[in-house]
Amino acid sequence: MSVSNLLENWSKFRHTHPVDDKGIPDWEAYPSDIKWAMSIDLDACTGCNACSVACYAENNLPVVGKDKYSHGQAMHWMRVERYWDEGDNGFQAEQGARFLPMMCQQCEAAPCETVCPVGATNHTEDGLNSQIYNRCIGSRYCSANCPYKVRYFNWYNYPEQENAWPAPLNQQLNPDLTVRTKGVMEKCTFCKQRTYTARNNAKTEGRPVQDSDVQTACQEACPAGAITFGNLHNPESQVAKQWQSQQVDLIKDIQEKDEKEGNRLRGYRVLEELRPYPSVMYLERVRESAV
Amino acid sequence: MGKDIREDIAWAQINKDVLKSLESPRKLYWVIIFVALLVFSVGVGCEIYQYNTGMGVANMDNPHVWGLYIASFIFWIGMSHSGTLLSAILHLMHADWRKPIYRFAEAMTTFSLLTAGLFVAVHLGRLWQVYYALPYPSERWIWPNFQSPLLWDAMAIFTYLSSSILFLYIGSIPDLAICRDNIHQGWRKKLYTLLALGWEGTDRQWRNFRVTYLTIACFLIPLAVSVHSIVASDFAMSQQPGWHVTSFPPYFVAGALYSGCAAIITLFIILRYVFRFEEYMTLPILKKTVRLTFAIAMVWTYLNCIEFASVWYSHDQVAKDVLIQKATGTYAPFWWAMIFCGSVVPFAMMVKKWQTNIPVMFAVSLLLNLGMWLERWMIVAPTFSHGYYPWTWDHDQWPSLIQWGIVFGSFGWFTLLFMVFCKIVPSVSMYEVKEMVYHRSQARKKEERAVQEELAVKGAH
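In order, the protein sequences belong to chains A and B.
The opening position of the first sequence corresponds to residue 1 in the numbering used here, with each subsequent residue numbered one higher.
The opening position of the second sequence corresponds to residue 1 in the numbering used here, with each subsequent residue numbered one higher.
Derived from the structure by calculation, the hints contain no laboratory data.
Treat the hints with caution; some may be incorrect.
[Unchecked claim] So the derived list for chain B, only partly shown, Cβ under 7 Å to chain A, looks like this:
| # | residue |
| --- | --- |
| 1 | L124 |
| 2 | L151 |
| 3 | S247 |
| 4 | P249 |
| 5 | E279 |
For every residue, glycine included, the Cβ atom is placed at its ideal position computed from N, Cα and C.
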């Protein structure tokens, strides 16, 4: 009976989020071989938007058109944000913008997960923040509580809308995942279809997942190689090495950096002080001039 | 000031007067019903369009994922609270002036909860899957998320709604029996016979009735407080600037009682005219309600100041920015209108002459409710326009006509339900008015006797 199931698993249910009563992620209680994480080098990013385009192609994102885009109803899971430096005479256009690719930060203590009334968004054992489209009823509480606002709602029925995938784009819809109907929330999955395949292949071959097994679409498309993706639990992975060299620790909300070295280090996480423990590290931009 | 209820009014006269309201209201009644139907159909039309096309037609976007629907939802939930205040809290406090007006206040509770329920439906992206939020035993062992304040919300409101329907119904059983005995034909006779549950007015029935009524009243009071605290948790438990304020639960409860009392004044004035209740809904009762409303208005103003102060003096810069944005940004006109309607207008209720002036109080009560609606909007919207993440700041979002249409339609729905109810169930509680008149005349007699005795003693000397 499902009531007894609920009661038996209550403690587990409470702890689906790996932040326990201590207030920090408790890795010992939830051993997992894999924790997907990312690092993005803003110094390398040129703001070319290739990552965003790749994401559209990989994840069957609908093209909403100019009207809806200007109404803020775009579906870009991966968006490249522009920030302009403000000088004495307003914005310094000639200096160029600063870019920041922003997508779901796959928080370890995600604000979106606790508030969903139907439990449509959950934490997976490989450290992702998953979204179950079939379960979503569209209350949009997750987006309301997301500090980064990286969740996108299907305001219209895009699969049936004309020109959501103008020809020949309709020919290249990715069969590895669905198209989403109206009224559900969606967001970046760290290309779940790819990580799952990689995990299954590694399992078949009886070995741990390596960096060479999987790349996310945005990472693959980035011409500057600004995006690094991999398993943070594997000390050999590039992403783990980067996090370590930048002295950024997943389970800390304030990073204590080396006094001597600290000033040289560029690693930070966005809105870390809110304690969602995001899984994406950014490397601060140091160059001053335009691209 | 006008006269209070006549103490020598005959019980048969009370029956006659109130029963008349079920049959021949003024023409204005039909006008109100017609207008309410029109207004409601506007809302229905908008909802059909939105249901079929998608939530996008409401002109919501990222980050403005919540809008007027949630604001109006809180507004209607809030309005329901004063019915409970009048019927349950004042019942326990033995305030006899509540007796002629609590029935319609309790009906207001029930119908505004039903209206609030509509907004849950209207707001959802996939209304057709709404049952996922119910904790039904499913063969897939999937439960709703018990951590979510929205789920607490659904449960609290459902409990409150079912208890207040029960309370409204049980409280009207003796009156339904009077209707049954006085109306001799048609579907009404059958309906009242069914609803009166064979009430005969025996001692045993009265005793059981009293106990039941008191029990539900005691049950309902903590429920009323908890419901709006839980609605406040939707915001207070979140992480967003301008929302995670510790004082939100009492602030919401005060706001709820406030808008509810204002609505009671509005409906008091309308019912008094439409159903010719001048004899029962007297000006001294209006005066008491107005003074109660004024007191609650001051509590609300105080809690409002607490909220601003705690944000202003905290070190939460983002929350402070949102507050500054409210007072100076695009929402400033509405925010200041809220302050004006909610904290300045109530001072009109201090003027003794106006307390019983019907046109003035009608206008004031409407303004108060406008202020309280704006308050809910100003809680929901500015946080989205100016959240944590600067790239998503969007100060210019404006709800579409579809969104306004549905909010507009909800007023029609409420009015329709309420007015139909008042035509079917006596909106003045006959048996309690009789009690009130009886007790008052007894008290008067006692007083007179005391005076006479005193005179007699004096005369003896």
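Going down the list of hints, with the structure as the test:
1. For B/L124, the interface hint holds, the least distance from its beta-carbon to any beta-carbon of chain A being 5 Å, beneath 7 Å.
2. About 5 Å separates the beta-carbon of B/L151 from the nearest beta-carbon of chain A, less than 7 Å, and the hint is met.
3. Here the hint on B/S247 is broken, as its CB sits about 20 Å from the closest CB of chain A, past 7 Å.
4. Contact between B/P249 and chain A, as hinted, is not supported at the beta carbon level, the nearest pair being about 17 Å apart and thus beyond 7 Å.
5. At its closest, the beta carbon of B/E279 sits 48 Å from a beta carbon of chain A; the interface hint therefore is violated under the 7 Å criterion.
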